[in-house]
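Asker: Sequence:
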Amino acid sequence: MSLNNEPKYIQLKEFIKNYISEGQLKADDKLFSEHELANRFQISRHTVRKAIGELINEGWLYQVQGKGTFVANTEGESKRKSKLIGVITTYLKDYIFPDIIYGIDEVLSKEGYTILLGHTNNEFEKERNCLLNMLNNNLDGLIIEPTKSVLPNPNIDIYERFKAEGIPIVFIHAYYNNFEASYVMEDDVLGGYMATRHLIEQGHQRIAGIFKSDDLQGLGRFQGFVQAHREHNLTINEKHILWFSSQDFDPLLLDDAYIQRFIHRLKTCTGLICYNDQIAINMLEILRTQGIHVPGDCAVVGFDNSELAQQGEIKLTTVAHPKEKLGRKAAASLLELINGTKECIQEKMEPELIMRDSTQTTN
Numbered sequence: 001m002s003l004n005n006e007p008k009y010i011q012l013k014e015f016i017k018n019y020i021s022e023g024q025l026k027a028d029d030k031l032f033s034e035h036e037l038a039n040r041f042q043i044s045r046h047t048v049r050k051a052i053g054e055l056i057n058e059g060w061l062y063q064v065q066g067k068g069t070f071v072a073n074t075e076g077e078s079k080r081k082s083k084l085i086g087v088i089t090t091y092l093k094d095y096i097f098p099d100i101i102y103g104i105d106e107v108l109s110k111e112g113y114t115i116l117l118g119h120t121n122n123e124f125e126k127e128r129n130c131l132l133n134m135l136n137n138n139l140d141g142l143i144i145e146p147t148k149s150v151l152p153n154p155n156i157d158i159y160e161r162f163k164a165e166g167i168p169i170v171f172i173h174a175y176y177n178n179f180e181a182s183y184v185m186e187d188d189v190l191g192g193y194m195a196t197r198h199l200i201e202q203g204h205q206r207i208a209g210i211f212k213s214d215d216l217q218g219l220g221r222f223q224g225f226v227q228a229h230r231e232h233n234l235t236i237n238e239k240h241i242l243w244f245s246s247q248d249f250d251p252l253l254l255d256d257a258y259i260q261r262f263i264h265r266l267k268t269c270t271g272l273i274c275y276n277d278q279i280a281i282n283m284l285e286i287l288r289t290q291g292i293h294v295p296g297d298c299a300v301v302g303f304d305n306s307e308l309a310q311q312g313e314i315k316l317t318t319v320a321h322p323k324e325k326l327g328r329k330a331a332a333s334l335l336e337l338i339n340g341t342k343e344c345i346q347e348k349m350e351p352e353l354i355m356r357d358s359t360q361t362t363n
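Each residue of the sequence shown is one higher than the one before, starting from 1 at the first, in UniProt numbering.
These are computed hints drawn from the structure, not numbers from a lab.
Keep in mind that a hint or two might mislead.
Here are the computed lysine to aspartate or glutamate pairs in the DMTMM-like style, where the Cα-Cα straight-line distance is at most 25 angstroms [unchecked claim]: (1) LYS30 - GLU58; (2) LYS267 - GLU307; (3) LYS348 - GLU324; (4) LYS325 - ASP297; (5) LYS26 - GLU14; (6) LYS50 - ASP29; (7) LYS13 - GLU34; (8) LYS8 - GLU36; (9) LYS163 - GLU180; (10) LYS13 - GLU106; (11) LYS163 - GLU14; (12) LYS342 - GLU180; (13) LYS83 - GLU58; (14) LYS342 - ASP357; (15) LYS325 - GLU106; (16) LYS8 - GLU22; (17) LYS325 - ASP187; (18) LYS315 - GLU352; (19) LYS93 - ASP248; (20) LYS67 - GLU106; (21) LYS30 - GLU125; (22) LYS93 - GLU125; (23) LYS267 - ASP187; (24) LYS13 - GLU36; (25) LYS348 - GLU160; (26) LYS83 - ASP140; (27) LYS30 - ASP157; (28) LYS50 - GLU36; (29) LYS325 - GLU14; (30) LYS110 - GLU347; (31) LYS325 - GLU307; (32) LYS30 - GLU14; (33) LYS67 - GLU125.
Work out the full structure, taking the sequences as your base and the hints as a guide.
Answerer: Laid out in structure tokens, this is it:
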């Protein structure tokens with residue numbers, strides 16, 4: 001680094017930028033440590049940190065906590081405004097996801113943005129591959145549904161790279177506790193409370209529940225389930241609560257022995273809260289095959305108000321998911337972050353209970 005009248009931190013910045021531009025350091029290569037740079041150029045570590053901090057803000061570098069500073073996949077400040085937004089969900093083809101994506105696209109397309117879709121199948125490695133692919137596509141922003149949001153996420157280092165490169169992120173449905181970011185989601189605690197209170201008001205006191213254990217939606221809905229029971233001084237029997245994870249989803253629906261054990265535990269219950277409409281619809285069929293009448297013997301509530309809820313002989317009472325509205329809100333929030341009018345947006349949307357045949361009281 002040659003000495004001139006420029007401040008030393010600016011000289012160091014130019015040295016690092018030239019080093020990267022000349023190809024001596026490539027994307028994701030680790031930068032020299034602060035100690036090495038300070039010794040090499042006979043400057044203070046404070047000066048080194050100032051130079052590195054500005055290069056991170058300009059998109060040349062990114063940091064991974066506990067590992068060091070790395071070269072970003074960027075061309076500096078010129079790498080921006082691609083008018084491309086990444087959208088990653090757990091699934092794409094069916095259920096509520098097409099409606100969510102439609103809502104996102106409706107807002108973004110009006111502002112001249114194109115969306116790049118990806119899905120994780122709710123698996124960490126697929127999430128990682130999607131994130132890396134999005135990083136290579138010069139995004140202006142990212143909307144993403146977390147994978148197994150309750151569990152420690154092994155891809156936080158990639159999320160930190162988005163932050164380091166100044167690419168705003170909006171999570172939908174949930175968020176990661178160890179990564180501070182914006183989110184737009186349904187108030188699942190309130191939804192679980194509304195569903196359970198509805199059954200209690202219908203006269204049910206022994207209510208079972210099926211909840212997902214590895215995402216915040218499942219925990220929130222269970223929390224609302226508990227809240228309604230406590231408010232009405234009702235006991236919760238743990239034998240009547242079934243937890244399942246993402247990997248258990250198919251066995252829950254298809255394993256006859258497993259279902260038989262759960263039906264046996266449900267014998268004294270007159271109400272059932274299901275994590276989503278998919279499970280609720282399957283439970284309606286299982287209850288029918290067991291000679292248990294809905295809603296006469298057991299009232300059933302689902303979540304999401306998907307198209308499934310209105311199919312079949314028994315229409316399903318369900319807590320409505322905002323779907324398109326949530327997609328539009330997530331997209332609008334991301335635009336606020338991109339334009340700099342907001343720094344962080346964390347919003348929970350109020351759910352709505354849709355009452356149908358599966359909880360209708362009979363006289």
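Asker: So, for every hint listed, does it hold in this structure?
Answerer: Hints, verified against the model:
1. LYS30 - GLU58: holds (17 angstroms)
2. LYS267 - GLU307: violated (29 angstroms)
3. LYS348 - GLU324: This hinted pair holds, its Cα atoms lying about 15 angstroms apart.
4. LYS325 - ASP297: violated (35 angstroms)
5. LYS26 - GLU14: Answer holds: LYS26 to GLU14 is near 16 angstroms, not above 25 angstroms.
6. LYS50 - ASP29: holds (20 angstroms)
7. LYS13 - GLU34: holds (13 angstroms)
8. LYS8 - GLU36: holds (16 angstroms)
9. LYS163 - GLU180: Cα-Cα ~10 angstroms, so holds.
10. LYS13 - GLU106: violated (41 angstroms)
11. LYS163 - GLU14: holds (22 angstroms)
12. LYS342 - GLU180: holds (15 angstroms)
13. LYS83 - GLU58: Holds, at about 19 angstroms.
14. LYS342 - ASP357: Violated, at roughly 44 angstroms.
15. LYS325 - GLU106: Between LYS325 and GLU106 the Cα gap is close to 10 angstroms, so the pair holds against 25 angstroms.
16. LYS8 - GLU22: Holds, at about 21 angstroms.
17. LYS325 - ASP187: holds (14 angstroms)
18. LYS315 - GLU352: At roughly 16 angstroms apart (the allowed maximum being 25 angstroms), GLU352 and LYS315 satisfy the hint.
19. LYS93 - ASP248: holds (20 angstroms)
20. LYS67 - GLU106: Answer violated: LYS67 to GLU106 is near 40 angstroms, above 25 angstroms.
21. LYS30 - GLU125: holds (23 angstroms)
22. LYS93 - GLU125: Measuring from Cα to Cα gives roughly 20 angstroms; hence the hint holds.
23. LYS267 - ASP187: violated (31 angstroms)
24. LYS13 - GLU36: Holds. LYS13 to GLU36 sits at ~15 angstroms (cutoff 25 angstroms).
25. LYS348 - GLU160: holds (24 angstroms)
26. LYS83 - ASP140: holds (6 angstroms)
27. LYS30 - ASP157: holds (14 angstroms)
28. LYS50 - GLU36: holds (15 angstroms)
29. LYS325 - GLU14: violated (46 angstroms)
30. LYS110 - GLU347: holds (23 angstroms)
31. LYS325 - GLU307: Status holds; Cα separation ~16 angstroms.
32. LYS30 - GLU14: Answer holds: LYS30 to GLU14 is near 17 angstroms, not above 25 angstroms.
33. LYS67 - GLU125: The hint holds at about 20 angstroms.
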